Amino acid sequence: MEKTLKELAEYLGGSLDGDGSAVIRGVAALKDAQPGELSFISNPKYLKELKNTRATAIVATADVVVEGMAVIRVNNPYLSFARAVALFAPAKRPPQGIMEGARVSPDARVGKDVTVYPGAFVESGAEIGDSVTLYPGVYVGEGSVIGEGSLIYPNVVIREGVRIGKRVIIHGGTVIGADGFGYATEGGVHHKIPQIGGVLIEDDVEIGANATVDRGALGDTVIRRGSKIDNLVMIAHNVVVGEGSIIVAQAGVSGSTELGKYVVLAGQVGVVGHLKVGDGVQVGAKSGVSRDLDAGQAYSGIPAIPHKNWLRVQAVLPKLPELRRMVGELTKRLDKLEKEKE
Amino acid sequence: MEKTLKELAEYLGGSLDGDGSAVIRGVAALKDAQPGELSFISNPKYLKELKNTRATAIVATADVVVEGMAVIRVNNPYLSFARAVALFAPAKRPPQGIMEGARVSPDARVGKDVTVYPGAFVESGAEIGDSVTLYPGVYVGEGSVIGEGSLIYPNVVIREGVRIGKRVIIHGGTVIGADGFGYATEGGVHHKIPQIGGVLIEDDVEIGANATVDRGALGDTVIRRGSKIDNLVMIAHNVVVGEGSIIVAQAGVSGSTELGKYVVLAGQVGVVGHLKVGDGVQVGAKSGVSRDLDAGQAYSGIPAIPHKNWLRVQAVLPKLPELRRMVGELTKRLDKLEKEKE
Amino acid sequence: MEKTLKELAEYLGGSLDGDGSAVIRGVAALKDAQPGELSFISNPKYLKELKNTRATAIVATADVVVEGMAVIRVNNPYLSFARAVALFAPAKRPPQGIMEGARVSPDARVGKDVTVYPGAFVESGAEIGDSVTLYPGVYVGEGSVIGEGSLIYPNVVIREGVRIGKRVIIHGGTVIGADGFGYATEGGVHHKIPQIGGVLIEDDVEIGANATVDRGALGDTVIRRGSKIDNLVMIAHNVVVGEGSIIVAQAGVSGSTELGKYVVLAGQVGVVGHLKVGDGVQVGAKSGVSRDLDAGQAYSGIPAIPHKNWLRVQAVLPKLPELRRMVGELTKRLDKLEKEKE
Chain A
28 MEKTLKELAE
38 YLGGSLDGDG
48 SAVIRGVAAL
58 KDAQPGELSF
68 ISNPKYLKEL
78 KNTRATAIVA
88 TADVVVEGMA
98 VIRVNNPYLS
108 FARAVALFAP
118 AKRPPQGIME
128 GARVSPDARV
138 GKDVTVYPGA
148 FVESGAEIGD
158 SVTLYPGVYV
168 GEGSVIGEGS
178 LIYPNVVIRE
188 GVRIGKRVII
198 HGGTVIGADG
208 FGYATEGGVH
218 HKIPQIGGVL
228 IEDDVEIGAN
238 ATVDRGALGD
248 TVIRRGSKID
258 NLVMIAHNVV
268 VGEGSIIVAQ
278 AGVSGSTELG
288 KYVVLAGQVG
298 VVGHLKVGDG
308 VQVGAKSGVS
318 RDLDAGQAYS
328 GIPAIPHKNW
338 LRVQAVLPKL
348 PELRRMVGEL
358 TKRLDKLEKE
368 KE
Chain B
28 MEKTLKELAE
38 YLGGSLDGDG
48 SAVIRGVAAL
58 KDAQPGELSF
68 ISNPKYLKEL
78 KNTRATAIVA
88 TADVVVEGMA
98 VIRVNNPYLS
108 FARAVALFAP
118 AKRPPQGIME
128 GARVSPDARV
138 GKDVTVYPGA
148 FVESGAEIGD
158 SVTLYPGVYV
168 GEGSVIGEGS
178 LIYPNVVIRE
188 GVRIGKRVII
198 HGGTVIGADG
208 FGYATEGGVH
218 HKIPQIGGVL
228 IEDDVEIGAN
238 ATVDRGALGD
248 TVIRRGSKID
258 NLVMIAHNVV
268 VGEGSIIVAQ
278 AGVSGSTELG
288 KYVVLAGQVG
298 VVGHLKVGDG
308 VQVGAKSGVS
318 RDLDAGQAYS
328 GIPAIPHKNW
338 LRVQAVLPKL
348 PELRRMVGEL
358 TKRLDKLEKE
368 KE
Chain C
28 MEKTLKELAE
38 YLGGSLDGDG
48 SAVIRGVAAL
58 KDAQPGELSF
68 ISNPKYLKEL
78 KNTRATAIVA
88 TADVVVEGMA
98 VIRVNNPYLS
108 FARAVALFAP
118 AKRPPQGIME
128 GARVSPDARV
138 GKDVTVYPGA
148 FVESGAEIGD
158 SVTLYPGVYV
168 GEGSVIGEGS
178 LIYPNVVIRE
188 GVRIGKRVII
198 HGGTVIGADG
208 FGYATEGGVH
218 HKIPQIGGVL
228 IEDDVEIGAN
238 ATVDRGALGD
248 TVIRRGSKID
258 NLVMIAHNVV
268 VGEGSIIVAQ
278 AGVSGSTELG
288 KYVVLAGQVG
298 VVGHLKVGDG
308 VQVGAKSGVS
318 RDLDAGQAYS
328 GIPAIPHKNW
338 LRVQAVLPKL
348 PELRRMVGEL
358 TKRLDKLEKE
368 KE
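Chains as they are written, first to last, in the working numbering: chain A, 28 to 369; chain B, 28 to 369; chain C, 28 to 369.
Hints are computed from structural coordinates only; laboratory data are not their basis.
In this text, all values refer to a predicted model and were calculated from it rather than measured experimentally.
Misleading hints may appear alongside valid ones.
Any copy will do: because identical chains look the same in the list, a pair fits if it lies in one copy or spans two.
Here are the simulated EDC-like pairs of lysine to aspartate or glutamate, each with C-alpha atoms no more than 16 Å apart in a straight line [unchecked claim]:
| no. | residue 1 | residue 2 |
| --- | --- | --- |
| 1 | K219 | D230 |
| 2 | K335 | D321 |
| 3 | K119 | E187 |
| 4 | K119 | E169 |
| 5 | K288 | D319 |
| 6 | K335 | E349 |
| 7 | K193 | E233 |
| 8 | K75 | D321 |
| 9 | K363 | E94 |
| 10 | K72 | E285 |
| 11 | K72 | D319 |
| 12 | K288 | D321 |
| 13 | K366 | D319 |
| 14 | K58 | E285 |
| 15 | K139 | E154 |
| 16 | K288 | E169 |
So that you can see chain A by itself, here it is in the shape it has in the complex (with noise of 0.2 Å):
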């Protein structure tokens, strides 16, 4: 794969400082990049790798100052870069169909373009939709479908009763639809609260590894379209994830939590269950919310409280003891004051 400078400008629709004739055959991080690759520039953090990247061009927004190289300018030079990468990464590999050793049953519907790797199992009734790729060791239940063009990863499971949209994304290990987490205790003994309800993921979703997303008690949970879901995250019964929603590893929403609109939960974030969190929330990493959250604010601490409260209590948290100190010595002086008064 080569592309010229100026045919790469012009398929990212940007302006090109340079030789748009020079030759570029793949793309890298400044810092590793060789001559006749492409690199970026977003983060402000690594300006410095700059004057030494070997970079034969970047692509970069127009107030970044860049010497020695070619400059594609653009404004979401991140974005850009994407389109970029994806043009010289691998091709992917054509539709292989149902392979040998793939596993799936008579009566599961299979659309046409797929690749059912050998060790992947299809129950009964399934559907596999079409341009659908399913790994080995991936398992799907009873009745559930998968939507076209999804990609499955290796032993991924989905359980019975789970519906998953187009062009969704589950890496390797996530288990969709394992049972809610509910029993009623008496007498010292949990009785297990049988969970009947699906899930239901919709499209443009990505999960990533050995995520858990549990199925509803009744109803469904839902992970609305175009949310992004990274490894090690739990989803818990009944939980709605609202729509552009990014939900960071290893955070975790309790049972019956509605997430709204472009929430985003940083990682190792904590969600009670039972709330509401409006549309468009940001909650940083390591968070506990244990309240309805309004929209469209940022939200930090355990318990999280408005984020720019909590920048100031993070401030004062280094100087309790300090604070405390200073306490003890205002008491002293006052006894004094008191004492010398009497």
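Starting from the known structure of chain A, fit chains B and C onto it as the hints suggest.
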């Protein structure tokens, strides 16, 4: 499946307010229920949904005021409803035996009425009890034992030397008996301590998806009867989880710690190693336990302190910046008073 | 397997107090040991178990007072005992070759003395070194390399373009090389950044169960020689884990962060992205690291500060309500003093 309300009330041991001849065909949450369905109210948070539900009847305690629909009055609505759900849940598939494509070592012992799916693998010397189900991708190591009626979901790994009791449920992707995390460091090299203990999981335990229960270094890691463990929980080597304990998602218990009976660890709790946590202890979400905890008490915080104290600490935290300002103010006022005295 | 105490003391390079002709047939923890077994004492917390143990001999340092049983005196009892355990551990099974039901691409390269179990899957262009074991359900992607003597437990997923060194151990369910979590958002759509880097895992690394190590966006995610990573840990794209580092269960390291050599992250720690953590840094359990950390220091807290400071802060936290009360009291007393002056 159909039941009259009279039949249902009798089955649940409740008393009926309303028309006993009404026919129930299913169960649902208040907000999703349709005519002909039974619902329930247990959490007061959902009382407001009572007036809009389309359910034909609900299960509730005697004190809940209900208008326009039948009520089955019981003492524990959550438990009674669970029993009704089980009644309407789809029938289990009859046992399928050792299916073609399952790999069971000729010197493993397999009981009657089992279902061993294609892609399951049972090593030499393992014992699979009557009525056990092993889904695709389950691995059972050498000499491991799975008791009668246990249900092992897809891609669960059970290493060698693991003993699992009766009616145990293990959800997809969970790993039982991986080596504990133990090294002796000398000269900059972390030498692995062989982990030659096993895991003992007693009857009626349920373990969620993608959890891990490590094998003991010497002696066993133990999960006692009736305990319930949620998704993505980590139980380290030689931990003992007491009878009837509940460990919520993403919590972790470090090596050799012993939890008493009926301990509850909420989500994302961490407990350090070599501790004793007393019977009936409850630890709040996200807490960090770093010392032994007395039986029967509730704890929260990092580090965990009595829950009541933690609530008071939490109330002050957001006011820390103001507290610091007040101390600064007091200091100035005192400086002034002292100066005036001179 | 039987050894006399004399033989054992020689093997461990220790000096023997007691009868060298006594026969040892196994190893066990102090509280479980039976006559004929060897035990050890390393953590002073277990000194009280010394007087009740039934062990025939123990491994201990010179300063431990022992009565009524033989002692092998060594400098590092934990390490010496580990060597004794290895001596008595069950022998490994001889190599089984590529077993029936394993699926190895004809254009993969496979060394000698391997064991590839049924249900393992090796893609085109992969290289499996001598004496490697791949358990059932292991997936090895296109062109990935696994070095000599490595041990890959059931249901591990190794995606394409991953290079794994020699004597590496990866426990069940772990996923190496899933796509990093990277999106460029424009117009409410999260566009996926293709993740075209790989993963490099050097020699003698061990990774626990259900962990995840993502592939780089560009360039590699790297785990350097001799590092040990526990269960359910998340290593994000382009992270570098330095040589000999230890990362305890459920910790997470965000994208592009570099850990130095011999860093220790305790359980449930989180580290944000694009940071540098110096050589030998130790981070306490549940801490949140949000800035670069200097080499050789210990840190704790959310956010992480020097560990000693954090201990002082932790001592004050439970006293916050009292501190606030004291400040209120001081204010009143000062109000009174000032009023009297008027």
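Cross-check of the supplied hints:
| no. | hint | result |
| --- | --- | --- |
| 1 | K219 x D230 | between (32 Å within a copy, 14 Å between copies) |
| 2 | K335 x D321 | within (15 Å within a copy, 27 Å between copies) |
| 3 | K119 x E187 | between (29 Å within a copy, 12 Å between copies) |
| 4 | K119 x E169 | between (29 Å within a copy, 12 Å between copies) |
| 5 | K288 x D319 | within (15 Å within a copy, 33 Å between copies) |
| 6 | K335 x E349 | between (23 Å within a copy, 14 Å between copies) |
| 7 | K193 x E233 | within (11 Å within a copy, 33 Å between copies) |
| 8 | K75 x D321 | neither (39 Å within a copy, 21 Å between copies) |
| 9 | K363 x E94 | neither (68 Å within a copy, 60 Å between copies) |
| 10 | K72 x E285 | between (35 Å within a copy, 14 Å between copies) |
| 11 | K72 x D319 | between (35 Å within a copy, 13 Å between copies) |
| 12 | K288 x D321 | within (12 Å within a copy, 39 Å between copies) |
| 13 | K366 x D319 | neither (51 Å within a copy, 45 Å between copies) |
| 14 | K58 x E285 | between (42 Å within a copy, 14 Å between copies) |
| 15 | K139 x E154 | within (12 Å within a copy, 32 Å between copies) |
| 16 | K288 x E169 | neither (31 Å within a copy, 37 Å between copies) |
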